[in-house]
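Spelled out from the first residue to the last, the chains are:
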Amino acid sequence: MKIRLGAFPWIFPALAMIAVFVVWPAFEMIRTSFQEIDPTGIAKGWAGLENYRTLFENPDLKPVLVRTLFWVAGIVFFTIAISLPVAQLLNANFPGRKLVRWVVIIPWAASVVMTSTIFKWILDPYSGVLNRIFVDFGFISEPRDWLGNPTEAMIWLMVVAIFVSIPFTAFVLLAGLSTIPTEIMEAARVDGATALKGYRAITFPLLQPALLVAAVINLINVFNSFPIIWIMTMGGPGYMTDTTTTLAYKISFRDQNIGASASMASINFVIIFIFILLFLRVSKWKEVTK
Amino acid sequence: MISGWVLALVFGLPYIHMLITALKPLDEVLAIPTTYTPTSWAWDNFTGVWKEIPLATFIKSSLIISLAATLIVISIAIPAAYYAARNNFRGRSLFLLLVLTTQMFSPTSLVVGIFREIVKFNLVDTYLSLILIYSAFNLAFSIWILSSFFKSIPVEIEEAAAIDGCGRFKTLFKVVLPLALPGIVTAFIFTFIAAWNEFVIALTLTSSPEREPLTVGLTSLIGQYQVQWNFLFAGSLIAIVPVVILFISIEKWLVGGLTAGSVK
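Here the protein sequences line up with chains A and B, keeping their order.
Sequential numbering from 228 applies to the first sequence in the numbering used here.
Sequential numbering from -19 applies to the second sequence in the numbering used here.
Be aware that a few hints might be false.
Taking beta-carbon pairs under 7 Å as the criterion, some of the chain B residues facing chain A (in silico) [unchecked claim]: (1) F(-9); (2) P59; (3) V223; (4) I228; (5) V235; (6) A240; (7) V243.
Listed below are the simulated SDA-like cross-link pairs for lysine to any residue, each with C-alpha atoms no more than 20 Å apart in a straight line [unchecked claim]: (8) K100(B) with F261(A); (9) K131(B) with T151(B); (10) K325(A) with L(-13)(B); (11) K325(A) with V224(B); (12) K100(B) with I269(A); (13) K232(B) with L311(A); (14) K325(A) with W(-15)(B); (15) K424(A) with A319(A); (16) K31(B) with I202(B); (17) K511(A) with L78(B); (18) K325(A) with I230(B); (19) K100(B) with N484(A); (20) K150(B) with N67(B); (21) K511(A) with T81(B); (22) K100(B) with T267(A).
Read the hints as simulated data drawn from the structure, not as lab findings.
All values derive from a computational prediction rather than experimental measurement.
For each residue, glycine too, the CB sits at the ideal point set by N, CA and C.
Whenever a hint applies, use it, and build me the whole structure from the sequences.
This is the structure in structure tokens:
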């Protein structure tokens, strides 16, 4: 009994902060999704599932859902696929390795906002350096408006998202690599395994826990990703580069339909919750807290 | 080795282009087609930027918000982390589960709810709203990393201090905290950077230029009729460089903290 009272003053401030500014907004958001809200934000009573109906009747929703699926799956897949060799490289011994590691950290440390801004400028239809390079190398005959058409814009948005996701992922994999004893690889080499065979038979399986954790954290981050799309295309043209995250924001803060936006955001919330349960599984958090 | 350098080039090039653009005079920035390197290097852009855009105001807002949030996080996370590391109280697992779940929820996913709450509290367009939200969402990382640091300090040291007549608080301040200093520094820098780089909540909760932090203030310049890209990027670099250096200094602790220690 004494011990239980004892915990309270130590952890109460943390609990209070999380309860008021994380848990409360979550409840508030879900509650709003079942309320009738006028454009100034005042609740006019319960609306049942009306907001959800409005959301599902939005003709832009279905393409946005499909796009979000491609967005998340594509970025997570390519991020992992590229981070594997990057981590291997950062783990190898070569002169200047430290400096290379530092440079790779930049997109992780720098604000995604600033990185998105420089890519928007690189892709500028008039003075963008990409157009200059592609014209000089003869890939295209005249400058293009890369972010002006939905397919190309989507590809570039995903490239930027992969670019900013790789550093964290590579460092998680690097930490995983450092737990694999070098003796195992040496023993395999003595037994005549080629580098590739050794990687596939030993390194890759031992890297699995790190890989799973990196994949799930990326899943959550990419699903939540907002600044890249907002700064480079604002989801445009129209809604053609929106994901569910930017769509929820647009419906709320641009179209002022707070109820429908809350229902979109609540659906996103549930999806993230499922991802988190997945994380708790793969990270074996119970062992960690021991 | 060459592939290592190519890798650095790939990740560094966008930022090198940022620097090159920041060093061009405006007429050259807007040249079509663009130049690869400035024909005249406008080093004075880095002094002119303070007059051309309200950079000092943005930096002031970012500093106030980030420092205040960081101080709140550190002073709340230390007792919680210390207690959770040293005692096996009832509900400890539940507490840590809650903390871990918060770490996974970015404020982006809750922005609609956060906005409604802040309106209710009448805190729209204040530093305080951002400070409180950033503190709450960044507590998790600090509790997590500090708790693992506290756990790595042998209990015997504390017991020895107690025998020498140190009270519980004196032991904490004179013995435990100095030993956990790398963890505190890591928590401090990480929280500061997370608050410094945040965008969605700041975009939603601020409406006047005097309250906008760097991320929102600088990007609001893009919407203007003629974008002064050179000054925009000079400002961006001033915002990025210190943060990157700080980030590199805590690199070795980051992965453990962000993956709840399940990788290292």
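Restraint check, 7 Å cut-off on beta carbons, for P59(B) near chain A: holds, 4 Å
Quick check on A240(B) please, does its C-beta sit within 7 Å of some C-beta on chain A? holds, 5 Å
Are K100(B) and N484(A) close enough, with their CA atoms no more than 20 Å apart? Given pair K100(B), N484(A) holds - Cα atoms ~18 Å apart, limit 20 Å.
If you draw a straight line from the CA of K511(A) to the CA of L78(B), is it 20 Å or shorter? Status holds; Cα separation ~15 Å.
Given pair status - L311(A), K232(B), alpha carbons within 20 Å: This hinted pair holds, its Cα atoms lying about 19 Å apart.
Please work out if K325(A) and I230(B) have their alpha carbons no farther apart than 20 Å. Roughly 14 Å between the alpha carbons, so the hint for K325(A) and I230(B) holds.
Given F(-9)(B) was flagged as interface, is its beta-carbon under 7 Å from a beta-carbon of chain A? holds, 5 Å
Given the hinted pair K100(B) and F261(A), is their Cα-Cα distance within 20 Å? holds, 18 Å
20 Å limit on alpha-carbon distance, applied to hinted pair K325(A) and W(-15)(B): holds, 11 Å
Pair hint outcome, K325(A) versus V224(B) [Cα-Cα no greater than 20 Å]: It holds: about 14 Å lies between the C-alpha atoms, which stays within 20 Å.
Quickly compare the C-alpha distance for K131(B) and T151(B) to 20 Å and report which way the hint goes. Holds - the C-alpha atoms of T151(B) and K131(B) are around 15 Å apart, at most 20 Å.
Taking only the CA atoms, is the gap from K325(A) to L(-13)(B) under or equal to 20 Å? Holds - the C-alpha atoms of L(-13)(B) and K325(A) are around 13 Å apart, at most 20 Å.
Checked against the numbered hints above, the structure violates none of them.
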